[in-house]
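The listed protein sequences correspond, in order, to chains A and B.
FYI, this note's numbering numbers position 162 of the first sequence as 162, with every residue one higher than the one before it.
FYI, this note's numbering numbers position 164 of the second sequence as 1164, with every residue one higher than the one before it.
I should point out that these hints are in silico values taken from the structure, not numbers from a laboratory.
Note that beta-carbon positions come from the ideal geometry of N, C-alpha and C, so glycine has one too.
Quick list of simulated restraints, FRET-style, between CB atoms: (1) A251/A x V1151/B: 51 to 57 Å; (2) A240/A x K1345/B: 53 to 59 Å; (3) I1167/B x D72/A: 40 to 46 Å; (4) I1167/B x C266/A: 50 to 56 Å; (5) S1020/B x D78/A: 45 to 51 Å; (6) Q63/A x K1345/B: 39 to 45 Å; (7) R1341/B x T286/A: 53 to 59 Å; (8) L118/A x L1027/B: 20 to 26 Å; (9) S1290/B x Q63/A: 38 to 44 Å; (10) I1163/B x T394/A: 54 to 60 Å; (11) L118/A x W1069/B: 36 to 42 Å; (12) G258/A x I1163/B: 38 to 44 Å.
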Amino acid sequence: MTRHIEKRGKSVLECKGLSVGYKNAPVIRDINIGIERGEFVTLLGPNGAGKTTLLRTLSRHLQPVSGTITIDGRDIRDIRQAELARIMAVVLTEKVSPPLFDVFQFVALGRYPHTDFLGRLSQRDREVVQRCLRAVHAEELQSREFASLSDGEKQKVLVARALAQEPAILLLDEPTAHLDLKHRMEVMTILRHLCQSEGIAVIASLHDVDIASKVSDRVALVKDGVITHFGYPEEVLTSANVSTLYDFDSACFSSHLGSIELRGDCHRGRVFVVAGMGTGASVYRTLAKQGYALSTGVLLSNDLDCFVAKGLGAECIVHPPESAIPVETLAQALTRISKCQAVIDTGFYASGAYKNNLQLIEHAATLGKPVFSLRQQDTAPDETRLCGLTPVNTTSQLLEVMEERI
Amino acid sequence: MIGQKLSAYRHDLSHHTALSHTTIFMLLAASIAALVLLNICWGSVPLSLSRLWHCLIRPDGSTESLIVWKIRLPRALAGVLCGGGLAVSGLLLQVYFRNPVVGPFILGISSGATLMVSLVMLTSIALQIAFLGPFATALAAIAGAYGVMAVVVAIAARVKNGITLLIMGLMMGYLCHAVTAVLMALAEKQQVKGFVLWQLGSFSGFKWIEIWLLAGIGSLLVMSVYLMAKPLNAMLLGEEYALSMGIDVRRLRMAILFCACALAGMITSMAGPVAFIGLAVPHMARMVFSTSDNRVLIPATLLFGALVASGCDFAARFLLSPVELPLSAITAFFGAPVVIRLLMKKQVQL
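In isolation and in its complexed conformation, chain A is listed as follows (with noise of 0.2 Å):
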């Protein structure tokens, strides 16, 4: 059933010196953009930015100011509507509700640039939307009445009415909106598979900067009247890209790591948090969403902890992965410590590149620091067992433990 996706490098869609908005008032001007089958391109930017003039201007609903699409090389505007629908379909933010529809009657609509004048299903056409139900997971759906599903049910049904057009380019303005996450996520692995599977190329704007860095081949930046950026999300999403695209100023999007962060406001002291290995991105996460200023170290630049703690804002010291931590960047670590309120050890797994970090710990509790310790002080190996620490089991009790004495 699946079709096969023919060779990349031919662009199904393609606008040239592409001007889109109103007249006299181009929102989004020059764009020179080409789409591939079976490619899932994300239109990322802020609200107002005119994603979704792009959009109703590629389906045709708006004239173009200025520039050319092309669809398979032919001009938009000398394409038929009636022969437009049976290449592209769009799923709308618009909410739709008619009363008395059936989900399979609902689909059935989608048919409709494929049935005879009076609308009547042939059998291919009952297979079809058959098939289409199947590919958005709503088989079961197929009796019940449109107007009684649920966002995330009436999403996918909307999903499989477009497909039932049987398109080679899917258009869809914010698709995942007031979706819960299950049918957010479901939505999105449903586009995905039809790009693949049946090589249909799909557009679609998002707010999920996450999800887009996921799911697109690649994605347009859209900021500032034009496309900032049209490429791999890879090299597109970068944290400086996003910041500048949503104009973040207390969060920072992580491309390593796929996901935003988000900054504390820092009206607390600063505490310094010696981590390693992952043992620290959720305690930075509550840190800094309790309002402490952090500092940490030393951390090898490849650890995630240090991707986490960089998108947080914290003052980081880093060191590369290649060689052993000199004892020049724990001195440095130490004079931050002497800066801090309080420190804290993660529990971190104190062998190799991060033995020496253990020194930091025992050197704070002897500049009169108070340290708190996640570190499972039973199952411990002797030699980290340190003294002069206030042990505590839980991130939960960390806080309330530093609120009492910081």
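Given chain A, put chain B in place with the hints provided.
Okay, now just chain B, sitting in the frame of chain A:
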């Protein structure tokens, strides 16, 4: 496998419902025929079926024959034709505006007709056009209804937003009513009574030429509407989706408005503004057939409209006979509770 079985089952199911649809259609047609017979036979001069048969087949100069041919038959047919036409017109506009409380007069058709008729009935203009005689009212109503329709269609060609159009129609209605109200304040009592009665609609006094016009033009319009059933179904998802499915939305919008206004305008010019049939009947059809498929709803509303109008006309004549009640009062008595009940059951959301 399961999918195929389900599909086959669905096929059977739809076959089954198609069958029951046919049954409902036949029942409707039979009820209409029965009501028409009742309307003709019942009255101050009652007729037996055999006597009626005789009058129909071999009309003689007898009073009964005259009553049948001049009064009761045209009136019964007018009820059937006007009811069906108004209901289809209402359905069209409900689908176009995706709004359940829209009726054929929402765009000001009846207000335009009323305005022109008030000019004729309440002012001395009638004296100047006396040569038109009994046709003056009908012609004025036609001019008013189609004048408003021309404005609506012209606006629709420019305005894309259905809501804007709806509000413009409502505003035009208010304007026309304002003028009418001023005229009523200035007019003499006797004239006002006649005008108020006209405003409540009636199927009486139809001439055969009007019946033929209604039947001829009306059936042409209804057939055109039926040919639009497929794009009308797509319109249920809104203009944006309709466009994406390959519909020339602008042309369809003009066609919908033209057919709806032409039907409502023609009927209003002959029977006056008959309220509620265009609003309530499409909901009845939706509920009874439990579908939004316009391929079913168009014939269904046509028949339901005919049935309801005939029934209401009979009630208007029967309830307090020999006094005849105003038709719009009866249709409102009947229609308003239907709409309220449906709204309470949340079955009329469009």
